[in-house]
Each structure stands twice: as structure tokens, then as C-alpha cells.
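Student: Given chain F, put chain L with the ligands in place with the hints provided.
Same order as they appear, the protein sequences are chains F and L. Sequence positions in the first sequence follow my numbering and run 39 to 356. Sequence positions in the second sequence follow my numbering and run 435 to 683.
Hints should not be assumed to be uniformly reliable.
[As the list claims (entries may be wrong)] A few chain L residues that face chain F, going by a derived Cβ cut-off under 7 Å, partial list only: (1) V510; (2) I520; (3) E538; (4) V539; (5) Y543; (6) R544; (7) L545; (8) R546; (9) P547; (10) D562.
Think of the hints as simulated: they come from the structure by calculation, not from any bench. The beta carbon of each residue, even a glycine, is placed where N, CA and C say it ideally should be.
What follows is each chain in one-letter form.
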Amino acid sequence: MTADQRKHLAVLAAIWAALLFAPYWMPFFGGYTALGSRVLVLGLGAMSVNFLLGFTGVLSFGHAAWFGLGAYACGLTLKHIALSTPLGLLAGTLVGGVAGALLGALLVRRRGIYFAMVTIAFGQVFYYIAFQWLSLTGGDDGLRGFARQPLDFGLFQIDLLHNDIYFYYFVLFCFAVAVGLMAFILGSPFGRTMIAIRENERRARFLGIPVELHIWIAFALSCFFMAFAGSLYALVNNFADPRMLHYSLSGDFVIMAVMGGMRTFWGPLLGAIVFVVLQDYISSVTVNWMSFIGLLIVLIVLFFPRGFLGMLRPRRTA
Amino acid sequence: MSALEVEHLTKRFGSLVAVHDISLTVEPGELRAVIGPNGAGKTTLFNLVSGFFAPSAGSILFDGADITGVPAHRRVGLGMARTFQITEIFPELTVFENIRIVAEVAAGYRLRPWLNRSEKAELRGRIDETLALAALSGKADRVVGELAHGDQRVAEIAMALALKPNLLLLDEPTAGMGDQETYEITQLIRRLHKAGKLTIILIEHDMRVVFHLADRITVLDQGRLLAEGTPQEIAANAAVQTAYLGQAA
Ligand SMILES: Nc1ncnc2c1ncn2[C@@H]1O[C@H](COP(=O)(O)OP(=O)(O)OP(=O)(O)O)[C@@H](O)[C@H]1O
Ligand SMILES: [Mg+2]
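This is chain F alone, in the form it adopts within the complex:
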């Protein structure tokens, strides 16, 4: 094993240990378990956005659409179709992911700002639908009347609803599966074509990579991850509302990714931790918490143009 690999393993072990024991160390820093669950879910969202942004070089400013669709589909499934947490997750992931994959096919030829604009537009369409379709979504009041269900293993059940720690570990398990899959894809020959497109699209095309097809696949995968995160978010809150579809949330995800370091695999999680924790603390002091985030972003862009982790590791990732 080379020194680099050893270091890489040590960092991975540290990250997973920190996440695994979070319910036990967070309280010392004023954290609480439910906050940990929220950080993980939003962190997964930021990592999903970054799957596309940091590793394919494509900026979507409407990814909250797939997040919110996942949340609504998960909530509606639990409310009307089946009292099952896994089925809710599955339904949310499929609905948001398939919608993203279909609409993504329409925009793979666009680049840069045009791509971002169209993704915002898609997101806003779903926002207004959720806002207007009172009978289904509850409109501005949000979707209520569902709750995460116990995990039923036949011999025993795990109560996710009342026990925050059980629920945290459930979320951590889901997070680990999704993130493991992401890392696996990025390390595959297909993942390397994504990075090639990011590095030099012209060159990738000359090489014989059908760039549009590969961007579409990367986009669709990222939508599925996003919808999975959104479904989990519905479970975190036992609630879904139109703001989960809104482009300002899409922007938040992009901020988390850029703040943490978009060329790094774990950066967006760190960005999400900083973002959510600041939001949690500062919003209890002042309603203008967003201006603090704004100030922080300015400082980061000035002093850490590659994000927190990008500074530690000036080059690439796992």
C-alpha cells in the first residue's frame, strides 16, 4: 500500500467513525440527533448535485425539483398507498429519478448558463404545480398526514418514528448505500468518462465519447440520488412542502457543494454540515441568517476558491 492509499483509508475511516458516533458526540457541541439526520440528508443532496457539477462539469440550478418530487412521492405513498417506509423511499426515488431522466433528455445539448436556466425553469414548473394542486399536495400548507413507519423485520420491529437514534442510523445506512454507489460509479470506466467530459469536452468528443449520452446518464443518475435524498427528507420531517422544489433550495445545494469543495467527493457533505448548522444556530438568533451565509460564501470564494476540502487537497479526489 502506498502512503497515499494509507492516508486515503485513514481519512475514510475518520469520516465514517465520526458519522457512526455522531449521536454520542454531537450533544457536546450543542447538536442533537435530529439535526444529524437532516445534515446527512441535505449532505446527500449536495453530493448528488456535485456528482453532476464537480465530476461532469454540468451545473444544474433546478435539482431541488427531483428532491421535492421524491419527497412528495414518498409522502403520498405513505399517506395513500402503503404504510411502509421502504416502499415510500422506493416510490419517491423512482418518481423523482424518472422525471429527472425524462426531462434531462431535453436539455443535454445545452451548456453552461443555458443548461442552468432550463433546469431552473423545470424546477419552478413543479413548484407551481405543488403550490396549486391543493387537493393532492395541500398547496402552500404542505403535505401532512403521513409519518415514517416502523421497519418490520417479522420477528421484530424498529421504531423509526419515536426513536431519533434509530432513525439516525436508518438515515446513515441509506446515506452509506447511496454514497457508496456514487463512489463506485465515479471509479468505473463510465465515471472516468464523466471526468473526461468535465476536463475537456472537445477532447472527450474527439475520443469517441458520445458526450450528450454520457451527460444524460450522469444527469439521470444524479436525479435518482437526489430523489432518494428528497424521499428521506420527507421522512425526516414527516412533511413535504413546495419549498422543497423551489430553486432557492437548488441554490442552497450548489452553495453547499461549492463551499465544501466541488472537486472533492466529501466536500459537499462538509459544506452541508456548515450550512445546516449555521442555519440552525443563527436562525435562532436572527432571521437574517442568510446574510451570514452570504458573508461566509464571499469569504470562502476569496480565501478558499476551491472550497474547504479543495484547499486541503489541491487536486482531485478519491
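Tutor: Frame of chain F, contents of chain L with the ligands only:
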């Protein structure tokens, strides 16, 4: 059978005729230099041969088969590789990773979620072979964008070699290089040409490189074929003297 046959090839950009009714034949294993003043149409000729532009008229035969309508990436599959006048690399990746991506795509693995052990081993062999051929083994783990300009050009040539081409098109490989780098890349091209049965077409402004390497020389001027012959013939050609060599000297 010729390695490459170009027949009455023409490319117009609006009213500009960048390549005007050019016919030429390159034999297998030949090292052909293409020279000519700026704007003569050399790069455009490469773009036509490699399939980046569709010709306005004329046809292209590769190993005897008509490839005029074949898209660029398929021509790569048929054994044609090129480098670019302006270096085209994946700058934040290492030399190894640059070559690996080329080798993986060339092997048809671009959509694969994983490779099995023997596929990996074979790929690894191909990458190592390419690195050795380009004398880049010692720099495999360096980030390409951080290498010296000359080494970046060599890395780009190595990327083309990873495609295992029969025909290699090099667009001004020594552009922007100092004497030492130019010498090294000249040696590299000579070695590649000697080592394999590689047919090479080389666009080059540096006459020392051209006369050192070329079996035959094609001279373009304002989109037209001005002259073709051995280095001795070209050096003695009066039209070339006035159009190009005279002005360059
Ligand atoms: N895509 C294009 N669109 C329009 N005009 C073009 C295009 N590509 C080349 N040209 C024009 O065609 C002519 C030939 O250009 P080309 O790049 O082939 O010259 P060249 O011989 O490679 O010159 P140099 O030695 O400067 O590289 C030039 O007048 C150029 O401006
Ligand atoms: Mg040129």
C-alpha cells in the same frame, strides 16, 4: 494498397476555399510531411481526413475503403489517430489517467460499470506499453496540466498512441518548443516510425524537423497543392522556394 488516398478534396468556408481540389496518396509506413505558409489549409486537410469536417467535394480512402462519410470517432476505431495544433488533454488528470481514459474508450469500455481482472490486466499492459513507447513512464503520476509544454505535447502524442493507430496525424508537434524539446520530440517521432509499421503524416513549420524526418513532402499554398516530392526535390523546387522556403529563410 495505399494507407491514405485523398481525391479531389475541397473544403469551402463561405466564399473562402480552404482546401482546393487536393489529391494525394500516402503509402503504408511512409512518413509524410505537410508544409505550407500560415492559412495554407494544412489543419483543414487534417480535419477532413480525420472526419471533423465534411468535405465540400472529393473523397477519402483509408486502407482502400471509402471513409468520406464515416464520423470522426469511427475513424478512430478504424485505426486513425491525431493530435491537435493546440494541445488537447485532460489537464487536471495525471499522465496515466489521460492515457487510461483513451485506452478504456478505445477498448469499448466507456459504459462499463466495472472491468474484470483480465480486462484490467490487459488495459494496464496497454497503458504501460504506451507510456514506455513515449518515454513517459517516469512521469506517469504527474498531473498533465503541470508538465512543461514539451511534455504536454508528448503526453498528447501518447494519448493518440494508446489508440493503437495505423495512421497517425500530428499537427505541428513542435509548435512553441525550444531547441532541446524540438530535438527530443523529433527523436520520439523517428522512434515511433521505426518501431511500428506506423504511417505518419506530420504538419510542421520547422524545416530542420521536416528534412530530418520526412520520406516525402507535400507543399500546400492557399488551399492548393503546390508541390510534392522527396526532401531533395522539394528543396530544389523553384515554386516552393518563392512561396514558402524563400520567405521562411
Ligand atoms: N472552421 C473554420 N471556419 C472558417 N474558416 C476556417 C475554419 N478553419 C479554417 N478556416 C480558414 O481556412 C484557412 C486555412 O486554415 P488552416 O487552419 O487549415 O491553415 P493552416 O495551414 O493549418 O495554417 P497554420 O499554419 O496557421 O496552422 C484559413 O484562412 C482559415 O482562416
Ligand atoms: Mg494549422
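Student: The hint names L:V510 as touching chain F; please verify it with the least Cβ-Cβ distance against 7 Å.
Tutor: With a closest approach of 5 Å, the L:V510 hint holds.
Student: Does L:D562 meet its interface restraint, that is, does its C-beta lie within less than 7 Å of any C-beta in chain F?
Tutor: Not OK, violated: L:D562 not within 7 Å of chain F, min 17 Å.
Student: Report holds or violated for the interface hint on L:P547, using the least CB-CB distance to chain F and a cut-off of 7 Å.
Tutor: holds (5 Å)
Student: Tell me if L:Y543 is really an interface residue toward chain F, meaning its C-beta lies closer than 7 Å to one of theirs.
Tutor: holds (4 Å)
Student: Have a go at the L:R544 hint: is there a Cβ in chain F nearer than 7 Å to its own Cβ?
Tutor: holds (5 Å)
Student: Is the hint on L:R546 kept, meaning its closest Cβ partner in chain F is under 7 Å away?
Tutor: holds (5 Å)
Student: Do the numbers back the hint for L:I520, that is, is its least Cβ distance to chain F under 7 Å?
Tutor: With a minimum Cβ separation of about 10 Å from chain F (threshold 7 Å), the hint on L:I520 is violated.
Student: Hint L:L545 vs chain F: min CB-CB distance below 7 Å?
Tutor: Holds - the Cβ of L:L545 comes within 7 Å of chain F, reaching about 5 Å at its closest.
Student: Once the shortest beta carbon distance from L:E538 to chain F is found, is it less than 7 Å?
Tutor: holds (5 Å)
Student: Taking the closest Cβ pair, is L:V539 under 7 Å from chain F?
Tutor: holds (5 Å)
This entry does not satisfy hints 2 and 10, going by the numbered hints stated previously.
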